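J.: Chains as they are written, first to last, in the UniProt record's numbering: chain A, 1 to 338; chain B, 1 to 338.
No wet-lab data here; the hints were simulated from the structure.
Treat the hints with caution; some may be incorrect.
Same chains, same label: a pair holds when it works inside one copy or across any pair of copies.
As the list claims (entries may be wrong) - Derived DSSO-like pairs: lysine-lysine, alpha-carbon spacing no greater than 27 angstroms straight-line:
#1 LYS22 <-> LYS155
#2 LYS90 <-> LYS192
#3 LYS22 <-> LYS157
#4 LYS155 <-> LYS125
#5 LYS162 <-> LYS109
#6 LYS157 <-> LYS26
#7 LYS5 <-> LYS222
Being a predicted model, the structure only gives us computed values, none of them experimental.
There are 2 protein chains.
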Amino acid sequence: MDAYKKAGVDINAGYKLVDDIKNLSKNSALGSFGGLFPLELGTYQNPVLVSGTDGVGTKLLIAIKANLHKTIGIDLVAMCVNDVLAQGAKPLFFLDYLGVGHLDNDKAKDIVSGVVEGVSQAQAKLVGGETAEMPDMYTDGHYDLAGFAVGIADKAKLLSAKNLREGDVLLGLASNGLHSNGFSLVRDILFKQHDYSLDETLPGCELDLKHELLRPTKIYVKSVLPLIDKGKITAIAHITGGGLPENVARILPDNLSAEFNYGSWKVPAIMENLQRIGQLSFDDLKHTFNLGLGMVVAVHPDVAEDVKAELEKSGETVYRVGKLVSGHQEVIIRKDQQ
Amino acid sequence: MDAYKKAGVDINAGYKLVDDIKNLSKNSALGSFGGLFPLELGTYQNPVLVSGTDGVGTKLLIAIKANLHKTIGIDLVAMCVNDVLAQGAKPLFFLDYLGVGHLDNDKAKDIVSGVVEGVSQAQAKLVGGETAEMPDMYTDGHYDLAGFAVGIADKAKLLSAKNLREGDVLLGLASNGLHSNGFSLVRDILFKQHDYSLDETLPGCELDLKHELLRPTKIYVKSVLPLIDKGKITAIAHITGGGLPENVARILPDNLSAEFNYGSWKVPAIMENLQRIGQLSFDDLKHTFNLGLGMVVAVHPDVAEDVKAELEKSGETVYRVGKLVSGHQEVIIRKDQQ
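Kindly generate the complete structure, drawing on both the sequences and the hints.
T.: Have a look at this one:
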């Protein structure tokens with residue numbers, strides 16, 4: 001049993017990690033051929049499974065550079081479960097895939113502890129995962145992460161563009177900074193065009209760059225799901241790559257456009273810094289970063305204040321950021337209020 | 001919208017790929033926030049979702065070296081759905097994650113066409129996926145693949161070690177060569193310790209090395225699932241990393257061991273070559289490669305011949321490879337019949 005280890009794959013280190021993950025996740029069934037999730041269908045008439053897969057992009061390279069691996073797993077879960085939530089579904093369970101060049105158990109434990117934290121925030125269950133040791137695949141210290149979330153919704157309650165009306169209010173839920181998108185541009189601006197140190201703190205930012213850039217992506221399940229259940233939310237856009245323009249466009253029906261009033265919410269200082277340092281056009285900015293809104297929720301006007309208040313009670317920072325107008329699936333960010 | 005592209009991420013190339021994948025998979029709903037799968041629960045009393053995630057290890061590096069990317073997606077699906085099947089569940093749907101340094105649409109299309117083929121062989125549905133372009137993450141031409149499968153079973157029909165008895169027969173289903181495990185050792189032996197060309201054909205092998213090594217992993221769903229449905233199969237081990245010893249041990253109860261008669265099935269020529277060239281001990285060989293058996297099925301003796309005949313009718317090559325004996329979860333490979 002030595003040849004495989006000499007070739008760079010340590011199966012026993014893998015087994016040790018599985019034990020560690022079992023303890024972290026408190027799911028002793030991990031490690032069998034497939035993860036089990038009993039379905040409780042009591043209240044579902046026509047259950048639909050809603051699933052999503054995602055990674056965290058090159059935010060990983062910041063975690064690697066900063067040697068801080070405990071929160072990147074939260075980002076991973078967030079990217080997946082917020083997508084599931086955006087369809088109106090309740091996340092049920094999650095699996096993670098970790099690809100490494102050489103298995104470093106302490107680092108892997110840090111990474112998976114973030115996954116466990118994220119799954120807890122999403123009120124879901126970690127049912128499985130794979131840690132793949134792949135010598136020669138990743139350069140030293142690099143790893144990749146992929147996540148998979150499955151949720152459930154009643155077919156009739158899936159959120160749909162069809163239910164949107166002219167005049168519907170757009171509520172923006174504050175992001176926790178950059179979340180997990182645009183990091184190739186971030187790295188290009190800060191570390192290739194310029195030579196910033198991760199220990200620097202940019203003007204207006206509370207944290208030094210390594211902690212600012214690694215702020216974990218917000219998971220909106222706890223605050224938003226109860227309002228979906230009550231039928232108070234009509235549509236949701238999870239703001240990821242492509243920013244407001246592309247992600248909000250995905251929820252619009254043919255006959256409506258979305259109009260945002262720039263200035264009606266707070267744009268994080270890190271993005272203003274990146275725009276300034278990288279001399280980015282506003283077009284670049286809005287198509288790459290979330291501009292401070294991690295999720296945009298469309299609601300009928302008569303429940304807008306109610307929904308806003310409930311979300312705030314759950315701890316969200318919520319802005320009334322715009323409305324739906326007659327149009328053709330355009331996303332307009334009006335800057336005249338600045 | 002140019003800054004992000006200059007930083008190495010081409011969002012438009014990504015959109016083009018999504019369109020290509022929609023066409024390949026004939027699933028026009030791909031590209032929304034989450035993949036939808038309506039559950040039809042007519043016949044399930046207590047439905048349990050069974051999920052699995054996996055990658056294909058450094059078999060990827062062979063595909064990259066050979067510049068042949070059309071079948072690696074089959075391996076990906078196989079690694080996941082065979083795990084789901086091994087629990088007694090019917091695979092329902094699949095999602096894939098493809099991480100690349102720079103998005104090459106033609107290569108990505110080849111990769112995903114393999115995924116689509118694998119999903120079809122597994123009688124499942126591709127409901128989503130993610131292609132992540134990550135500059136600086138992967139060295140030139142490298143990519144990683146992760147897959148995620150969800151299946152369903154009735155709780156009472158999940159395969160379980162509890163139903164195994166002394167004297168149960170072990171049927172081995174022929175693998176299609178190496179499948180997706182042990183490739184770091186394969187690469188070490190053939191391309192580091194020695195300098196074989198991918199165009200060479202090793203003694204006893206039908207194909208040259210690139211095609212021999214890239215034979216896609218068998219997907220056993222079509223042949224095995226009908227027998228699970230009929231209640232004729234008691235337990236299944238999907239033979240992956242760790243070989244027969246570790247994967248068969250996972251299905252054994254405390255009081256039983258598995259005894260294999262080496263020589264009762266055909267070991268693929270590629271493995272004999274690897275043992276010879278790499279001077280591997282039998283211990284190394286059996287803990288790293290599948291030895292020619294991609295799946296081991298435990299059945300009660302009175303249905304063994306019946307199950308074997310049905311599997312053969314479905315196109316499988318099936319061997320009676322051993323039996324369960326009283327013991328303590330040991331996997332014994334008896335070589336005295338050689």
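J.: Does each hint fit the structure? Answer for all of them.
T.: Structure-based check of each hint:
In this assembly of identical chains, the alpha carbons of LYS22 and LYS155 lie at most 27 angstroms apart only when taken from different copies (22 angstroms versus 34 angstroms within one copy). In this homomeric assembly, LYS90 and LYS192 never come within 27 angstroms of each other (Cα to Cα): the closest approach is 41 angstroms inside a single copy and 49 angstroms across copies. When the C-alpha separation of LYS22 and LYS157 is checked against a cutoff of 27 angstroms, the pair qualifies only between copies, where the shortest distance is 25 angstroms, while the shortest distance within a copy is 35 angstroms. Taking the shortest Cα distances, LYS155 and LYS125 sit within 27 angstroms of each other both inside one copy (22 angstroms) and across copies (18 angstroms).
In this homomeric assembly, LYS162 and LYS109 never come within 27 angstroms of each other (Cα to Cα): the closest approach is 44 angstroms inside a single copy and 32 angstroms across copies. In the homo-oligomer, the alpha carbons of LYS157 and LYS26 lie at most 27 angstroms apart only across protomers (25 angstroms), although the nearest pairing inside one protomer, at 32 angstroms, exceeds that limit. Within a single copy, LYS5 and LYS222 get their C-alpha atoms no closer than 44 angstroms, and across copies no closer than 35 angstroms, so neither meets the 27 angstroms cut-off.
In this structure, the earlier hints numbered 2, 5, 7 are contradicted, and the remaining ones agree with it.
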